[in-house]
Every structure is written in C-alpha cells, then in structure tokens.
Amino acid sequence: MLAKRIIPCLDVKNGRVVKGINFLNLRDAGDPVEIAAGYSDAGADEVVFLDITATLEGRKTMIDVVNRTAEKVFIPLTVGGGISTVEDMTAMLHAGADKVSINTAAVKNPELITRGSDKFGAQCIVIAIDAKRYVVNGKNTWRVHINAGKTPTELDVIEWAQRVEKLGSGEILLTSMDCDGTKDGYDLELTAKVSDTVNIPVIASGGAGTLEHLYDALVKGKADAVLAASIFHYGEFTVKQTKDYLRDKKVVVRT
Amino acid sequence: MNGKIVVIDYGMGNIRSVAKALEKLGAVVVVSNKTSELNSADGLLLPGVGAFYQAMVNLNDLGLTPVIRNLMSDGKPLLGICLGMQLLLSSSEEGDPIGGLDIIKGKVVKFELSKIMPNTKIPHMGWNAVKQKPGSKFWQGIPDGTFYYFAHSFYTKPDDKTMVAGTTEYGMEYASVLNYGNVYGTQFHPEKSGPLGLRLLQNYVELVENVSRK
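The listed protein sequences correspond, in order, to chains Z and F. Residue numbers for the first sequence follow this note's numbering, beginning at 88 and rising by one. Residue numbers for the second sequence follow this note's numbering, beginning at 299 and rising by one.
Some clues are possibly wrong.
So, partial list: chain Z residues that the calculated Cβ filter (under 7 Å) puts toward chain F [claimed, not checked]:
# : residue
1 : Ala90
2 : Ile162
3 : Ala178
4 : Lys195
5 : Pro197
6 : Tyr332
7 : Asp335
8 : Lys337
Just so you know, the hints here were simulated from the structure itself, not pulled from any lab data. Ideal Cβ positions, reconstructed from N, Cα and C, are used throughout, including at glycine.
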C-alpha cells in the first residue's frame with residue numbers, strides 16, 4: 088500500500104538555509120546539502136527546497152546547491168521558488184531535482200504547466216497554491232494568492248486545483264496562509280476539499296505544531312503527504328518519532 | 299577492475315542522479331548515446347522520465363534501438379528504470395502508437411483505478427512496498443516488502459508472467475520489477491529510494507561484474 092509521505096521543507100536564500108537547524112549535528116548547519124542529507128538519513132521521504140532568493144545571482148547559486156545535493160542525497164528532491172519558464176525547469180531538473188514546484192508563474196501563465204508536463208512528464212510538475220480563507224455568505228471559500236502570498240487573485244482555490252490537474256500538474260502543494268506559522272494545525276477543511284476534488288496527490292502545508300496535526304492532515308484532511316518546516320528544524324520532533332507515532336495510529340508510512 | 303556501466307543519454311530526464319548513485323557504488327560510469335560506448339560497456343542503464351512516445355522517437359533518431367536490441371540478445375546486462383523499464387516492452391497505451399524496444403513481450407497500460415477504487419490518485423506517486431519473487435540475486439540483502447519510490451501513471455503487463463520479479467499493490471497487484479535473462483527493469487526509482495535503493499543498484503553493479511568476468 089502506498090505510504091503517506093513526510094516532507095521537510097527548507098527555505099534557502101543565496102544558497103544558505105535561513106531557518107536554524109541545530110539538532111542534526113551537522114558540520115555546517117546552514118548548508119542545504121548537509122541538511123537534506125541529514126533528513127534523508129533520518130528517514131524523510133522527500134525534501135523540498137524553497138528558494139527565497141530574489142536575485143539572478145542567487146538563482147545560479149541554487150542550481151549549484153541542487154547539483155551538489157544530487158551527489159549526496161538519494162531521495163526525491165523538489166525545488167520551488169522563482170521558476171517561471173521551461174528553461175528554469177530544465178536547469179533545475181538537469182541539475183538533479185526530481186520535481187519543480189511552480190506558484191505565481193503558473194497563475195500568470197497557465198500554459199507553462201502544460202508545456203512543462205509535456206516535456207518532463209506530469210510527475211515532475213508540482214503546482215504550489217497559497218490559499219487564503221474568505222467567508223462568503225457564512226461559508227468558507229479560499230482564494231489563490233501569488234507573489235509569496237502578497238497579492239490576492241480572483242481565482243477560487245478549488246477551481247484552480249481542478250484546472251491545474253487538467254493542465255498537466257502531477258501534484259499539488261497546498262499551503263494555508265491562515266494556518267502557516269500558527270502551529271495550530273493544518274486547514275483540514277481546505278485540505279479535504281482539495282483532496283476530494285482532484286485525482287492527483289495533495290501535499291498539505293502550513294500550521295504543523297504537533298504530531299497530531301500531521302495525523303489529522305493525512306486522515307481528516309485526506310492529504311497524501313505532509314510538509315513541515317519548523318517542527319523538524321528546531322528539533323521538536325524527529326522524522327522517526329513522527330513515523331512511529333503515525334504507525335501506531337495505523338497510518339501506512341515507510342519504514 | 300570495476301565494470302563499466304553506460305547510462306544511456308537519450309534526452310529523457312534525470313540522468314545525473316542515477317549516474318551519481320552508480321559512481322558512489324564504485325562503478326565506472328559513462329553517460330553516452332554513442333553506439334561505440336554502448337558496445338564497449340559491461341552493462342547498460344536505461345533511465346527515463348517522461349513520455350513513451352518521445353522516448354522511442356529519441357532512441358530511434360539516435361539509431362540506438364537496434365543497437366540495444368542486439369546487445370540484449372548477446373546477453374549484455376541492462377537495467378531499465380521507470381520509463382526505461384516500460385520501453386523494454388512491445389508497445390504502450392501512452393500517446394501516439396510507436397513500437398517499444400520489444401525485448402520483453404507485452405504492453406504498457408494506464409492505471410484505470412477509478413473503477414476499482416474511488417479516490418485513488420494518479421500518478422502513483424510516493425513510496426510503496428515491493429513483494430519479491432524469491433530466488434533472484436537481484437534481491438540479495440533486501441528484505442521482502444521494502445518500500446521504494448514510484449512516480450508513474452502507466453504500468454507494464456508482460457505476456458510471460460515468469461518475467462515478473464516483483465509486484466506492488468496499488469488498487470490492484472501489478473508488475474513493478476521485471477527480469478528476463480540479464481535484463482532487469484524497476485518501475486520505481488532505486489536511485490531515489492534511500493539506502494535500500496542503492497543496495498539494489500549495487501546488486502546490479504555486481505551482476506554486471508559477474509557477467510563481464512565470464
């Protein structure tokens with residue numbers, strides 16, 4: 088049976104991890120390659136690098152990071168942040184990334200999804216959706232935000248999720264902007280709605296504070312995978328603890 | 299002397315990861331699409347991410363289809379990974395019709411799981427268990443039921459079921475590992491499956507060395 092995936096996410100700026108990692112006993116706690124290798128050894132099922140660099144120079148650094156990661160880390164790697172052309176995708180995938188995650192560029196230019204999918208296969212194309220909740224007539228709805236959440240769009244998250252599936256996306260990385268950073272748990276209603284609507288895997292993101300939150304996202308939220316940053320980076324829980332907890336609660340995870 | 303493994307570079311996907319994994323295991327790795335390199339290899343590795351049709355067009359354009367077929371009939375080892383395994387079959391339902399390498403008789407078909415199991419996601423993406431057919435050296439040192447990393451929407455149906463060396467459950471049981479003589483195929487990515495993925499690649503490297511010594 089397909090296992091539910093546990094995915095640590097690293098924010099990378101100018102080739103360095105920006106949030107503190109102090110529990111893996113790394114020689115260089117700022118090096119994304121070292122950290123990704125540490126997570127791989129710890130049993131993580133995939134690793135995501137989110138490039139938050141704004142400059143062209145920084146992007147080149149990211150390609151170097153991906154290159155070095157491919158030499159040391161033998162689990163799937165997704166790279167997101169600033170990917171806006173097929174050439175950007177090609178550079179990352181050739182450097183050794185397995186998937187690219189696209190957010191703003193997909194909204195501005197949906198055809199990019201199809202072009203990437205036709206060229207590299209749907210399994211390479213992850214669409215990241217930043218969702219913000221709006222209450223309309225007493226009911227929850229969610230709208231897509233772009234530019235790192237700063238810019239709201241008119242797009243309804245559920246409709247956009249359906250559309251990106253049709254356009255050729257192989258996976259959705261769904262972040263609740265309302266929950267992100269709160270440590271109060273994932274947006275289960277949103278996650279379940281998107282997961283029920285599409286027939287591609289959904290990665291839940293935003294709000295993890297406890298292991299129960301991860302369990303809820305996978306079971307109540309029906310997510311195929313959970314992404315988390317701070318609970319792993321600050322050593323609150325290890326990946327192994329997480330998997331032991333989930334296994335005890337009858338969730339299938341990779342040993 | 300370690301065996302030379304040629305990773306066939308035909309413009310389809312993540313070649314770097316698998317080459318780096320083989321290097322880490324001590325193999326002499328050459329990434330190439332030249333006939334002379336393929337002929338001088340002790341073993342071949344056919345990677346592949348993307349679509350069946352485009353992959354076969356690329357292999358045909360490079361003139362590699364008959365080269366690979368001839369080397370296979372001479373008993374040269376080959377490991378096909380993901381799409382690289384699917385190309386070993388006769389044909390695929392994916393995209394426009396085009397002949398495969400036809401080394402393993404059978405076809406590649408799409409998961410039609412909505413009828414069997416509602417809410418089953420396609421692609422089949424993530425880590426899943428592989429049930430081993432016992433007795434193969436390919437599985438040496440690897441526990442039965444080990445999880446491997448998959449990312450695919452189509453699967454292989456070989457005509458001869460004795461060529462199935464491992465199976466996986468995803469709504470139904472399907473062939474996730476094939477073996478015919480010295481030809482092997484994994485639907486999953488051993489180069490992305492952690493230590494036990496590397497162990498499987500190591501078994502292939504050893505097999506190549508054993509064959510080249512004979």
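Exercise. Would the stated hint for Pro197/Z survive a check requiring a Cβ distance to chain F of less than 7 Å?
Worked result: violated, 20 Å
Exercise. Measuring from the C-beta of Ala178/Z to each C-beta in chain F, is the shortest one below 7 Å?
Worked result: Result: violated, 12 Å to nearest chain F Cβ.
Problem set entry | Interface hint compliance - Lys337/Z to chain F, C-beta minimum distance less than 7 Å | violated, 16 Å
For this session: Using Cβ atoms only, decide whether Asp335/Z comes closer than 7 Å to chain F, and label the hint accordingly.
Result: Violated, because the Cβ-Cβ distance from Asp335/Z to chain F comes to roughly 18 Å (cut-off 7 Å).
For this session: Using Cβ atoms only, decide whether Tyr332/Z comes closer than 7 Å to chain F, and label the hint accordingly.
Result: Result: violated, 17 Å to nearest chain F Cβ.
Exercise. If you take the shortest Cβ to Cβ gap from Lys195/Z to chain F, is it below 7 Å?
Worked result: Violated: closest Cβ of chain F sits about 25 Å from Lys195/Z, beyond 7 Å.
Exercise. With 7 Å as the cut and Cβ atoms as the points, is Ile162/Z at the interface with chain F?
Worked result: holds, 6 Å
Exercise. How about Ala90/Z: closest beta carbon in chain F under 7 Å, or not?
Worked result: holds, 4 Å
Taken one by one, the earlier hints fail for this structure at numbers 3, 4, 5, 6, 7 and 8, listed in ascending order.
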